[in-house]
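Below are the chains, spelled out letter by letter.
2 protein chains.
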Amino acid sequence: MISKAILKEFQKIVGKEKVLATEAATMSYSYDGFLDKPVKPDVVVQPQQDEQISKLVFLCQKLEMPMTIRGSGSNLSGGAIPVKNGCVISTSAMNKIKQIDYTDMYAVVQPGVITKTLADNVERNGFFYPPDPSSMSISTLGGNVAENAGGLRGLKYGVTKDYVMGMTFIDSDGNTVKTGGKTVKQASGFNLSGFMVGSEGSFGLITEIILKITPRPAASRAMTVDFDDLNKASQSVADIIAAKVLPATMEILDNYTIRSVEAATSIGLPVDAQAILFIELDGHPAHVDDDFAIVQKICKKNSGNIKIARSESEKNKLWQGRRKALSSLARVKPTLILEDATVPRSKIPDMMKKIQSISKKFNISIGTFGHAGDGNLHPTILTDRRNPEEMKRVEKAIDEIFDAALELDGTLSGEHGVGIAKARYLEKELGKGTILFMKKLKKGLDEKNLLNPGKVGL
Amino acid sequence: MISKAILKEFQKIVGKEKVLATEAATMSYSYDGFLDKPVKPDVVVQPQQDEQISKLVFLCQKLEMPMTIRGSGSNLSGGAIPVKNGCVISTSAMNKIKQIDYTDMYAVVQPGVITKTLADNVERNGFFYPPDPSSMSISTLGGNVAENAGGLRGLKYGVTKDYVMGMTFIDSDGNTVKTGGKTVKQASGFNLSGFMVGSEGSFGLITEIILKITPRPAASRAMTVDFDDLNKASQSVADIIAAKVLPATMEILDNYTIRSVEAATSIGLPVDAQAILFIELDGHPAHVDDDFAIVQKICKKNSGNIKIARSESEKNKLWQGRRKALSSLARVKPTLILEDATVPRSKIPDMMKKIQSISKKFNISIGTFGHAGDGNLHPTILTDRRNPEEMKRVEKAIDEIFDAALELDGTLSGEHGVGIAKARYLEKELGKGTILFMKKLKKGLDEKNLLNPGKVGL
Numbered sequence: 001m002i003s004k005a006i007l008k009e010f011q012k013i014v015g016k017e018k019v020l021a022t023e024a025a026t027m028s029y030s031y032d033g034f035l036d037k038p039v040k041p042d043v044v045v046q047p048q049q050d051e052q053i054s055k056l057v058f059l060c061q062k063l064e065m066p067m068t069i070r071g072s073g074s075n076l077s078g079g080a081i082p083v084k085n086g087c088v089i090s091t092s093a094m095n096k097i098k099q100i101d102y103t104d105m106y107a108v109v110q111p112g113v114i115t116k117t118l119a120d121n122v123e124r125n126g127f128f129y130p131p132d133p134s135s136m137s138i139s140t141l142g143g144n145v146a147e148n149a150g151g152l153r154g155l156k157y158g159v160t161k162d163y164v165m166g167m168t169f170i171d172s173d174g175n176t177v178k179t180g181g182k183t184v185k186q187a188s189g190f191n192l193s194g195f196m197v198g199s200e201g202s203f204g205l206i207t208e209i210i211l212k213i214t215p216r217p218a219a220s221r222a223m224t225v226d227f228d229d230l231n232k233a234s235q236s237v238a239d240i241i242a243a244k245v246l247p248a249t250m251e252i253l254d255n256y257t258i259r260s261v262e263a264a265t266s267i268g269l270p271v272d273a274q275a276i277l278f279i280e281l282d283g284h285p286a287h288v289d290d291d292f293a294i295v296q297k298i299c300k301k302n303s304g305n306i307k308i309a310r311s312e313s314e315k316n317k318l319w320q321g322r323r324k325a326l327s328s329l330a331r332v333k334p335t336l337i338l339e340d341a342t343v344p345r346s347k348i349p350d351m352m353k354k355i356q357s358i359s360k361k362f363n364i365s366i367g368t369f370g371h372a373g374d375g376n377l378h379p380t381i382l383t384d385r386r387n388p389e390e391m392k393r394v395e396k397a398i399d400e401i402f403d404a405a406l407e408l409d410g411t412l413s414g415e416h417g418v419g420i421a422k423a424r425y426l427e428k429e430l431g432k433g434t435i436l437f438m439k440k441l442k443k444g445l446d447e448k449n450l451l452n453p454g455k456v457g458l
Numbered sequence: 001m002i003s004k005a006i007l008k009e010f011q012k013i014v015g016k017e018k019v020l021a022t023e024a025a026t027m028s029y030s031y032d033g034f035l036d037k038p039v040k041p042d043v044v045v046q047p048q049q050d051e052q053i054s055k056l057v058f059l060c061q062k063l064e065m066p067m068t069i070r071g072s073g074s075n076l077s078g079g080a081i082p083v084k085n086g087c088v089i090s091t092s093a094m095n096k097i098k099q100i101d102y103t104d105m106y107a108v109v110q111p112g113v114i115t116k117t118l119a120d121n122v123e124r125n126g127f128f129y130p131p132d133p134s135s136m137s138i139s140t141l142g143g144n145v146a147e148n149a150g151g152l153r154g155l156k157y158g159v160t161k162d163y164v165m166g167m168t169f170i171d172s173d174g175n176t177v178k179t180g181g182k183t184v185k186q187a188s189g190f191n192l193s194g195f196m197v198g199s200e201g202s203f204g205l206i207t208e209i210i211l212k213i214t215p216r217p218a219a220s221r222a223m224t225v226d227f228d229d230l231n232k233a234s235q236s237v238a239d240i241i242a243a244k245v246l247p248a249t250m251e252i253l254d255n256y257t258i259r260s261v262e263a264a265t266s267i268g269l270p271v272d273a274q275a276i277l278f279i280e281l282d283g284h285p286a287h288v289d290d291d292f293a294i295v296q297k298i299c300k301k302n303s304g305n306i307k308i309a310r311s312e313s314e315k316n317k318l319w320q321g322r323r324k325a326l327s328s329l330a331r332v333k334p335t336l337i338l339e340d341a342t343v344p345r346s347k348i349p350d351m352m353k354k355i356q357s358i359s360k361k362f363n364i365s366i367g368t369f370g371h372a373g374d375g376n377l378h379p380t381i382l383t384d385r386r387n388p389e390e391m392k393r394v395e396k397a398i399d400e401i402f403d404a405a406l407e408l409d410g411t412l413s414g415e416h417g418v419g420i421a422k423a424r425y426l427e428k429e430l431g432k433g434t435i436l437f438m439k440k441l442k443k444g445l446d447e448k449n450l451l452n453p454g455k456v457g458l
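Just so you know, the protein sequences line up as chains A and B, in that order. The opening residue of the first sequence carries number 1 in my numbering; numbering runs sequentially from there. The opening residue of the second sequence carries number 1 in my numbering; numbering runs sequentially from there.
There could be a bad hint or two in this list.
[Said to hold, decoys possible] Facing chain B, from chain A, some residues (calculated, C-beta under 7 Å):
hint, residue
1, Gln61
2, Gln235
3, Asp239
4, Gly268
5, Thr342
[Claimed, not checked] To list a few chain A residues with every Cβ distance to chain B over 12 Å, as calculated:
hint, residue
6, Glu9
7, Leu192
8, Thr265
9, Lys315
10, Lys360
11, Lys422
12, Gly431
[Claimed, not checked] Label-pair restraints from in silico Cβ distances:
hint, chain 1, residue 1, chain 2, residue 2, range
13, B, Ser137, A, Asp272, 54 to 60 Å
14, B, Lys443, A, Glu395, 36 to 42 Å
15, A, Lys360, B, Arg124, 57 to 63 Å
Just so you know, the hints here were simulated from the structure itself, not pulled from any lab data. Quantities reported herein were computed from a predicted structural model and do not represent experimental measurements. Just so you know, even glycine gets a beta-carbon here, dropped at the ideal spot from N, CA and C.
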C-alpha cells in the first residue's frame, strides 16, 4: 500500500482526480490482453501534458518506483502490466490529434489517440493510415508504436515501424528526446524513432508521434475463397506471392476456426471447408483488374471457390468470419493461448502442416488463423489451465511450434511482441550476444531498471 | 607509428597481405567524400570473415585503439575517416551476395557489396532494390546502412532504412548480435536493425545485412521539364505532390547548376532555363498514363516545357544533366561545400527562395540541385578555402541555410548523415535532451569510445 504522503506528490503533478489508488482501480490495471498472474500497481496516474510526464519520471526516480506506461491495455504479451507494482502511467488523457497535414502527408498525434480514430479521420479526406492491428478500434497509437503493431495489411503496406517519421519521448532521467521529423528523409542524429518502435516501454515514455499517411488507393476488390484442402489454400497463398501479386490483405482460417466461428455466430460460413482465404486487392483500378485475373486463375487451379464482395457492406459481411475468429475460439475452452509464430511467406504451406502434426502429436486443440500473406500465423491453443497434465502437453507443443518457425527461417513473434509472454524463448532465436547487447542498452539508458521492468527479459 | 609487434598481431588475424601500414596506404584511408584535415590511421585491415572482425575488436579493445569501419569511402560527412588515428577496418574483402530469394523477396549480403551490384543482379530477374544514392556505382551496402543513405527514389520508395529487414553485427565487446530476419513481420526483441541504420559505425561493425527487394514496376515514363522561372518549377513540384501523384524520382537543377553542367559537358542543356525538373513515373501502365496526364497538365499550367524520353537510352541521355551536377559544380571553384538541408515537400518553393536570397545577401555562389520531390535539396556552395574573408561569409550562409530549413519544419541532413561535418549543429535541431540520450547510448554500448569516435558529436 502506498502512503498518503506519496499519493499527494502524484496528485500535485497531475491533479487529484487523475490519480487512482483504490483496490478496484489498481486491480483493473493489473490486466492486459495477456492473461498471467496479475500484479497490481501501487498507483495509476493519467497525465494530460508532456511536462507532467517529465515530473512523474523525476518523482518515480526519487522513489525508485517502477513505471509502466499503458495505452488501452489490448497488448497480447503482457507489455502493459506491471510485474513489480509501482506506477502505471496511462496515456488515456493524452488523446489529441495535434495536426494532420495532407500536403506533406503526416499526422502529429499524442500517444493515447485510438488507432481507428486516426484512420477514420484521414480516410474521410481521401487518405490512408495502413497499419490495422485487429484491436485497432480500442488500441492506442502509442501502444502500437511501443509494440510495433502489425495487422492485416502487413504484406503490402508493412507495419507500424514503416509509418513512424519521428517522435518525442521522455527518457528515464526525465529529459525530453526528439527524433525524426516531418521530412521524408532525415539523417541528422541516430534513428532513435526506429530504436523506440517495438521497445515495449523499456527506454522512454512517448509523448508525441509523427506518422506517415498516404493517398487512399483508388480501387479495391475483396473476396473470400473456400478450399476443401488446407494445403491447397496455403499453396494458393504461396502461388499468389510468387506471381508478384501483393494483396492488401490475405488472411486464412483453418477448419477448426471456421467451425468455431460458425458455432459462435451462425453467419453462414461453409463448415465443411478445410480453409477460407480472405483476399483484398487494392490500387489503381486497372492494376486491381490485372491482379484479380491472376488470383482467380491460381485459386481455380487449386480448386478454390471464390465469392466476390460487390459492395463495402457485402465485404463487411464476408469479413465477419475473419473478424470473429479470436473471440469465437475463446468460447471453445476455458483457456486460450494465442501464438504469433511467423515464417517467410513461401513457407506457409510447410508451417501449416507442422502445426497440424503438432496438434495431433500432443493431442491438443489448435485453431489456426492469421495473416497468411505475410507469413504471420496465429496458431491458437484451446485448453484449460486447471488441467496440469494437458498444460504440460501444451507447453511442449508451444516449444515445437517455435522450433518449427525457427527451422523455417521464421521468428517467435511477428507482431505481438515479447513482453512477459515470450521472454524465456528469446535467446533461442537471437543468440546470447544479442541478449547481452540488449542488457547493455538497458543498463546505459535506465540504470535502475525502472522503465517497465521485467519485460523483454530485462 | 605502430610497432612491428602490434602489426604482427593484426597480421595473425587477417593474414599479412590484408594489413596495410605504409605511408601511402594510410594516407589514402584518411580521406572520404568529405574534405577535412586528414588524420591517418595507424593501420588498415581488410578482414574476410565475420570471426576475423570479432578478433579485431578484441585486439583493438586490448590496445584501446579506435576502430573506424569503412566501405568505399564515398561518405560525404566524414563518417568513414578516423579522427584519432587507430585502425581502419575496410569491408572491401567482404563483398559477397550470400543469397537472393525471389519468392520471399529478400537478399542476404556482406557489407562490402557495391550497391549497384545488388541492384543490377535483382533487376536482371525482374526485381528491384530501390535505394539509389548518387554514389551507388561505388558505394557499399554496409556504408548505405550505416549512413541510412537516400537517393533519387526517396519520394516514392523511401530510403535505406525502409529496406533493412535484419542484420548481424559485432558489438564493442566482440559479441555477435543478430536482429530482425527474413520475415515481413518480426517483433521478437528490440528493433536493433532500425537502431543500427544511420548509426555511423558508433555501435557495432555490420557483418551481414538482410535487405528487402520488390517486384520491378511494370512500366515507367521519364521526362525533363524546363522552366523560365525557378518559382514555377518548385511550385510544379508542390502541385504534383498535392495532386497525390508520387513520381519515382522528381529532381531539380537551378540555373547556376544548369550552366555549370553545360559548361563542363556540352550535352545541350537549355542554359537560359531557370530550372529543369527530371521526373520519372513508374508502376502499372494505366497508372503511369493517368499520372502522366496530371503531371503534364500541372507543368503546362506553370509554363514548363516537357521533353519525354522515348526509350531507355533517351532517358539516360536526358538524365546526364542530373548525373553530372555535382562533378560539374566541382569544376567551378577550388572548394565545394555540399549541403543537405531538407524540408517537407510543400516547402520546396519557400526553401528555394530562401537559398537564393542567402546567396545574394552574402554574395556567394550557390548552385542548388537535388531531390525536390522529397524535399531534400543540395545547395552547393562554390568557394575557395584559401580566402578567409569569403569563408567567413560562407559559414554565415550555411548557418542561415540550416536556420531556414529548421524554420520550415525541416532538418540539417536529409541523407548525408552527421559524421564530422554537422556535429556542431546537431543540438540546434534535436535539443539538449536528445544529445544527452545519445551520449548515454554511446557510454552504455561502447564505454571506452573506441567505435568510430568523434562522429555524430560523440
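Comparing the hints with the structure gives:
no., hint, result
1, Gln61, "violated (14 Å)"
2, Gln235, "violated (13 Å)"
3, Asp239, "violated (10 Å)"
4, Gly268, "violated (31 Å)"
5, Thr342, "holds (5 Å)"
6, Glu9, "holds (23 Å)"
7, Leu192, "violated (7 Å)"
8, Thr265, "holds (27 Å)"
9, Lys315, "holds (22 Å)"
10, Lys360, "holds (26 Å)"
11, Lys422, "violated (6 Å)"
12, Gly431, "violated (5 Å)"
13, B:Ser137 / A:Asp272: 54 to 60 Å, "holds (58 Å)"
14, B:Lys443 / A:Glu395: 36 to 42 Å, "holds (40 Å)"
15, A:Lys360 / B:Arg124: 57 to 63 Å, "violated (44 Å)"
Hints 1, 2, 3, 4, 7, 11, 12 and 15 from the earlier list are contradicted by this structure; the remaining hints agree with it.
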